[in-house]
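Trainee: For the sequence shown, the numbering used here assigns the number 31 to the initial residue and increments by one for each residue that follows.
Hints were generated in silico from the structure; no laboratory data involved.
It should be emphasised that the depicted structure is a prediction, and the values quoted were computed from it without experimental measurement.
Positions of the beta carbon are idealized from the N, C-alpha and C atoms, including for glycine.
Honestly, I wouldn't trust all of these hints.
As the list claims (entries may be wrong) - Derived DEER-like restraints, expressed as beta-carbon distance ranges:
hint	residue 1	residue 2	range
1	L97	R207	42 to 50 Å
2	R194	L169	49 to 57 Å
3	V124	G219	25 to 33 Å
4	V144	L222	18 to 26 Å
5	P83	H135	35 to 43 Å
6	W165	G204	45 to 53 Å
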Amino acid sequence: MSIERRQQLDPRADPELDRQGVRKLDRQGVRLAVAFVGLSVIWGLAFNLTGLPFFPVVVAGGVVTGLTGFWVRGANDEPEPSFALTWPIAGLAVVVALVHFAVGHLLFGIASRVLPAFTETALEVYQRTGTLPVWGQLLLGGVLTAGLEEVFWRGAFTTMVADRVRPHLPDGLGRKRQGFALVVVSTAGYALFHVATLKLALIAAAALGGLVWGSLLLVTRSVGATIIAHVLWTCLMIIFPPT
31 MSIERRQQLD PRADPELDRQ GVRKLDRQGV RLAVAFVGLS VIWGLAFNLT
81 GLPFFPVVVA GGVVTGLTGF WVRGANDEPE PSFALTWPIA GLAVVVALVH
131 FAVGHLLFGI ASRVLPAFTE TALEVYQRTG TLPVWGQLLL GGVLTAGLEE
181 VFWRGAFTTM VADRVRPHLP DGLGRKRQGF ALVVVSTAGY ALFHVATLKL
231 ALIAAAALGG LVWGSLLLVT RSVGATIIAH VLWTCLMIIF PPT
């Protein structure tokens, strides 16, 4: 709705505050778009240029992703959601990670029978990570990279996309259904981002992970919770690969 139209409907509306809001949204949108494209290029190169050392590039990509997340969040005067945690929320995140891990393995087993490409693309990734000791994979891939990814994806991307999509959802949809719709939209963006890796297994994993971590964020409003869930799930996937 334009500022002029809003003033017609509500004479008490402050046009200056509206203009500040528009500028803030524009600043967020620009940062979000730049981050999405830039990170897509980085992760696409990491997974497709076999001449590059895999883990150093992936870790560098994770660090850049995390820093980008803080940069995008900086477009908000009061960045939301926060990283705050309580013991119940942390416990919920652990349970979510365990269930996610079990369901993911089950779905992978089913999908690999239908589409052999699932197994092939997953093996490609695991073979390249096998050059590093397991403890290094856990520390650099599981803790550092997965944790920093959440700063951008759930700490900035999900909420900012939701802010832009929410006004276009039908009012009669209901609060819970609106929430689920927003999770689905942000998950679509997360999965689309992983298309740059050209790895079918990673795209599918991103689709499932986006639904899980997006829903966890919706329930807890805590990026700290999604960090725990993502880190634990990644570590379990490293120790107990589906292949």
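Trainee: Each hint: holds or not?
Mentor: Results of checking the hints against the structure:
1. L97 with R207: 42 to 50 Å: 35 Å, violated
2. R194 with L169: 49 to 57 Å: 36 Å Cβ-Cβ, so the 49 to 57 Å window is violated.
3. V124 with G219: 25 to 33 Å: Because 26 Å falls inside the window, the suggested range holds.
4. V144 with L222: 18 to 26 Å: 22 Å, holds
5. P83 with H135: 35 to 43 Å: For P83 and H135 the Cβ distance comes to about 29 Å; the hint is violated.
6. W165 with G204: 45 to 53 Å: 47 Å, holds
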